[in-house]
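Asker: Chains as they are written, first to last, in this note's numbering: chain A, 220 to 389; chain B, 390 to 801.
Hints were generated in silico from the structure; no laboratory data involved. Incorrect hints may have been included.
What the hints assert, rightly or not - When the alpha-carbon atoms are kept at most 30 Å apart in a straight line, the in silico DSS-like pairs for lysine-lysine are as follows:
1. Lys261(A) - Lys339(A)
2. Lys495(B) - Lys731(B)
3. Lys643(B) - Lys298(A)
4. Lys261(A) - Lys230(A)
5. Lys362(A) - Lys460(B)
6. Lys465(B) - Lys339(A)
7. Lys591(B) - Lys688(B)
8. Lys222(A) - Lys495(B)
9. Lys222(A) - Lys642(B)
10. Lys643(B) - Lys688(B)
11. Lys339(A) - Lys323(A)
12. Lys460(B) - Lys731(B)
13. Lys700(B) - Lys731(B)
14. Lys254(A) - Lys731(B)
15. Lys469(B) - Lys495(B)
16. Lys469(B) - Lys756(B)
17. Lys756(B) - Lys495(B)
18. Lys731(B) - Lys222(A)
19. Lys298(A) - Lys495(B)
20. Lys261(A) - Lys642(B)
21. Lys615(B) - Lys642(B)
22. Lys261(A) - Lys233(A)
23. Lys339(A) - Lys230(A)
24. Lys642(B) - Lys591(B)
25. Lys298(A) - Lys642(B)
26. Lys339(A) - Lys405(B)
27. Lys731(B) - Lys230(A)
28. Lys495(B) - Lys230(A)
29. Lys222(A) - Lys643(B)
30. Lys232(A) - Lys298(A)
31. Lys731(B) - Lys233(A)
32. Lys643(B) - Lys230(A)
33. Lys731(B) - Lys232(A)
34. Lys362(A) - Lys469(B)
35. Lys232(A) - Lys222(A)
36. Lys362(A) - Lys731(B)
37. Lys362(A) - Lys721(B)
38. Lys233(A) - Lys339(A)
39. Lys721(B) - Lys495(B)
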Amino acid sequence: MDKQLQPIVQKLKKEFGAEVTEFRGDVQVLLASEKLIAASLKLRDEFDFALLSTITAVDYWPEESPRFHIVYVFNSLSKNLQLMLRVPVAGENPTIPTLTEVYKNANWRERELWDMFGIKVDGHPDLRRLLMPDDWNGHPLRKDYPLGYEEPQFTFNYEEIDLSKPHGEV
Amino acid sequence: MTTPYTIPEVTLDEIKHLVSQRAIDGETVLLNMGPQHPSTHGVLRLLLELDGETVVTCVPDIGYLHTGIEKNMESKTYIKAEVMTDRLDYLNTVGNNFAYCLAVEKMIELDVPPRAQAIRVILAELQRIASHLIWLATSALDVAAMSVFLYAFREREIILDVLELVSGQRMMTTYIRPGGLWRDVPVEFDAAVRNILDTFPKRIDEYEDLLTKNPLFLDRTMGIGKISAEEAIQWGATGATLRGSGPDWDLRKKRPYSGYEQYDFEVPTATEGDVYARYLVRIREMREALKIVEQALNKLPLGPVSTNDYKYVPPPRSELGVSMEALIHHFKLWTEGFNVPKGSVYAAVESPRGELGVFLESDGGPKPFRIHWRTPSYNNLEAMPVMTEGLLIADLVAIIGSIDIVLGDVDR
Chain A
220 MDKQLQPIVQ
230 KLKKEFGAEV
240 TEFRGDVQVL
250 LASEKLIAAS
260 LKLRDEFDFA
270 LLSTITAVDY
280 WPEESPRFHI
290 VYVFNSLSKN
300 LQLMLRVPVA
310 GENPTIPTLT
320 EVYKNANWRE
330 RELWDMFGIK
340 VDGHPDLRRL
350 LMPDDWNGHP
360 LRKDYPLGYE
370 EPQFTFNYEE
380 IDLSKPHGEV
Chain B
390 MTTPYTIPEV
400 TLDEIKHLVS
410 QRAIDGETVL
420 LNMGPQHPST
430 HGVLRLLLEL
440 DGETVVTCVP
450 DIGYLHTGIE
460 KNMESKTYIK
470 AEVMTDRLDY
480 LNTVGNNFAY
490 CLAVEKMIEL
500 DVPPRAQAIR
510 VILAELQRIA
520 SHLIWLATSA
530 LDVAAMSVFL
540 YAFREREIIL
550 DVLELVSGQR
560 MMTTYIRPGG
570 LWRDVPVEFD
580 AAVRNILDTF
590 PKRIDEYEDL
600 LTKNPLFLDR
610 TMGIGKISAE
620 EAIQWGATGA
630 TLRGSGPDWD
640 LRKKRPYSGY
650 EQYDFEVPTA
660 TEGDVYARYL
670 VRIREMREAL
680 KIVEQALNKL
690 PLGPVSTNDY
700 KYVPPPRSEL
710 GVSMEALIHH
720 FKLWTEGFNV
730 PKGSVYAAVE
740 SPRGELGVFL
750 ESDGGPKPFR
760 IHWRTPSYNN
770 LEAMPVMTEG
780 LLIADLVAII
790 GSIDIVLGDV
800 DR
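Let the hints inform the model, and build the full structure from the sequences given.
Answerer: Structure representation (C-alpha cells):
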C-alpha cells in the first residue's frame, strides 16, 4: 500500500469501522451506507480527494444480504492517490444516501445506478432514468434481468407481439 | 404471450425543476436541440431554455446511443468481449482496447514484453492524433471554418492507413490483446510511421496558420465557455477540458503505464479555461504525441509481442501441428476462454478525452462478472451546462465542439 494512503485508511478504519482490502495494488474500503456521507466528506475536505471518478454497482444476485456493492472511485489530484469505497446494500428495497451534496458529478452516476440497478438514492434532486427510455420496465444491469432477444414481428404474429410493447393497447 | 406492461409515469411536477420559473410562466422559450442535429456531434439531445437568443438553462438528455455494452460483455468470455470495447469510443478504438487489456492483465498479473508495450504506446499516440484531428475538423466546422475540416480528414486517413497496416481494420482494430498484441507489426510499419513523423509537424503548422490567430476564430472562442479548475474537478471533468483550466492532470505522467515513464514529453496546460484554451491544449498535445511516437519508434526493442503463457495467449499457428499441448491450449482458449482470479481492479488510461477507466470484477470464471466503463465524455458532458449559462446559442455550438464528446463514449 502507498505510504501516503496508510494514515488515511487507518483513520477510516478507526472512525467508521471500515474494512480494508487490497488487491493488485488497489485499496478498497468497505463501509456501511450510513457512514458514506461522513466518510466522503472527510476524504474530500481533510485528505483532498477532490475528484470522484465514478460510481458503479456490482450485483451478487441470488445473494440477498448484501445483494449489491456500490463502488466509489475517488482520486486525489494533489497527492496522486486513488481510493475505492464499497458500500454493501441489501436486495430488498435497496437504498443509498446521495453524494450530490459532496460531489456534483454524483448526480448522473446515481441516476445511472437507479436506471441500471434499481437502487434508490435518498435525497437525490432529480432521480429519473438516464440511459434507458423513461417508460422502460426493469433495470437491465441486474443479474436477474435477462440479456434477451426480441421476437421478430411478421404479418401472422404482428398484433400479438405488438401488444407486449410499451405503446400497445393491452 | 402478452406480458402485462405498466408504464411508469413521469409527471410534469417531477421535471419542472429542470427549468426556471420563467419558463413555466411563459416568459422564456423551451427549445429542443437534437438528437439529430449536426453540431451536437452524434445523438445528443439538449433541452434549452432561451431568453431571446441567450441560453438560460441547458439540460443534456443522453441515452440515445445506449447499446448495453456493459451487459453484453458480462455474457462473453474475456477474449470475445474485447471486440465490444472498440465500439465504445469509436474515435479511440486502440485506447479502449488498451484500457481493457491493462485491466485484465492487472487481474491475472500478466507481463507484457517491452516490444508490445512500445507498439501499444505508438498506436495509442497515433490514435490520439487521429482523434484530435476529428475534434479539430468538426469543432472548427461548427464555428464556420470549413477548410480545416478537409485538411484534417485528409491527414486522418494517413493514420488510419497505419492502423489498417497493422491490424487489417481502419477503425475497429482489436489489435491490442490481453498479454500483448495480436501479431507483430509488418516491415512497412517503420517507414509508414516515419512518414507521419516527417509530414505532421508541418501539417499542424498549417492548421495553426488557419486558426490560431484568425480574428474570426478568436472572436468565436476566446472568453466563451469558461470553467474554473475547481468547478471542472467538482464535475469530474478530465483530459483537455480540465487541463485547459490549469491542473496538469495527465495519467500518462502521474500514473505511468505501459512504459510511458521512459518518454520525454510535456503535459500542455492553459489557464483561461475557455474554448480557445482547450483548443491550444489539444493542438499542443498533438505535437507532444508526435514526440512520444518518435522516441518509442527510435528505441523500439526487438523480441516477442505477447507473453508465452499459453494459458492466456493463443500459441503460434506453427506449433499447432507439432505440439499436442499447443493444440490443447488453442482448443481450450477458443472454447472456454481463460479463468481470471477472483477480485476487482480499476485500471485507467489517458484517452484523448480524459481518464478512461475500467472497473473489472471477476468471480474466478472465464467471463467478466461485472465490467464498468468510466468514460471521460460522460463527465465532461455533465460539466457542460456550467459553461453555457448566459451565452448565445451560437456559443453553445462552439462549446459542444470544444469538450470533444463522443456519444458512443457517453452512452455506452
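Asker: All hints, please: hold or fail.
Answerer: To see whether the hints hold, each was checked on the structure:
1. Lys261(A) - Lys339(A): Satisfied, since the Cα-Cα distance of roughly 24 Å is no more than 30 Å.
2. Lys495(B) - Lys731(B): 12 Å, holds
3. Lys643(B) - Lys298(A): The hint holds at about 10 Å.
4. Lys261(A) - Lys230(A): 10 Å, holds
5. Lys362(A) - Lys460(B): Satisfied, since the Cα-Cα distance of roughly 9 Å is no more than 30 Å.
6. Lys465(B) - Lys339(A): 29 Å, holds
7. Lys591(B) - Lys688(B): Holds - the C-alpha atoms of Lys688(B) and Lys591(B) are around 24 Å apart, at most 30 Å.
8. Lys222(A) - Lys495(B): Answer holds: Lys222(A) to Lys495(B) is near 21 Å, not above 30 Å.
9. Lys222(A) - Lys642(B): Between Lys222(A) and Lys642(B) the Cα gap is close to 20 Å, so the pair holds against 30 Å.
10. Lys643(B) - Lys688(B): 23 Å, holds
11. Lys339(A) - Lys323(A): Holds - the C-alpha atoms of Lys323(A) and Lys339(A) are around 18 Å apart, at most 30 Å.
12. Lys460(B) - Lys731(B): 19 Å, holds
13. Lys700(B) - Lys731(B): 17 Å, holds
14. Lys254(A) - Lys731(B): Judged against 30 Å, a Cα distance of about 27 Å means the pair holds.
15. Lys469(B) - Lys495(B): 18 Å, holds
16. Lys469(B) - Lys756(B): With Cα atoms ~9 Å apart, Lys469(B) and Lys756(B) stay inside 30 Å; holds.
17. Lys756(B) - Lys495(B): At roughly 16 Å apart (the allowed maximum being 30 Å), Lys495(B) and Lys756(B) satisfy the hint.
18. Lys731(B) - Lys222(A): 26 Å, holds
19. Lys298(A) - Lys495(B): 23 Å, holds
20. Lys261(A) - Lys642(B): With Cα atoms ~27 Å apart, Lys261(A) and Lys642(B) stay inside 30 Å; holds.
21. Lys615(B) - Lys642(B): 26 Å, holds
22. Lys261(A) - Lys233(A): 13 Å, holds
23. Lys339(A) - Lys230(A): 29 Å, holds
24. Lys642(B) - Lys591(B): Since the Cα atoms of Lys642(B) and Lys591(B) sit roughly 26 Å apart, the hinted pair holds (cutoff 30 Å).
25. Lys298(A) - Lys642(B): 13 Å, holds
26. Lys339(A) - Lys405(B): 21 Å, holds
27. Lys731(B) - Lys230(A): 28 Å, holds
28. Lys495(B) - Lys230(A): Roughly 28 Å separates the two Cα atoms, so the pair holds.
29. Lys222(A) - Lys643(B): At roughly 16 Å apart (the allowed maximum being 30 Å), Lys643(B) and Lys222(A) satisfy the hint.
30. Lys232(A) - Lys298(A): Given pair Lys232(A), Lys298(A) holds - Cα atoms ~20 Å apart, limit 30 Å.
31. Lys731(B) - Lys233(A): Roughly 28 Å separates the two Cα atoms, so the pair holds.
32. Lys643(B) - Lys230(A): Status holds; Cα separation ~25 Å.
33. Lys731(B) - Lys232(A): 24 Å, holds
34. Lys362(A) - Lys469(B): Roughly 20 Å between the alpha carbons, so the hint for Lys362(A) and Lys469(B) holds.
35. Lys232(A) - Lys222(A): Answer holds: Lys232(A) to Lys222(A) is near 16 Å, not above 30 Å.
36. Lys362(A) - Lys731(B): Holds, because 18 Å separates the two Cα atoms, which is no more than 30 Å.
37. Lys362(A) - Lys721(B): Distance of about 26 Å is within 30 Å: holds.
38. Lys233(A) - Lys339(A): Holds - the C-alpha atoms of Lys339(A) and Lys233(A) are around 29 Å apart, at most 30 Å.
39. Lys721(B) - Lys495(B): 22 Å, holds
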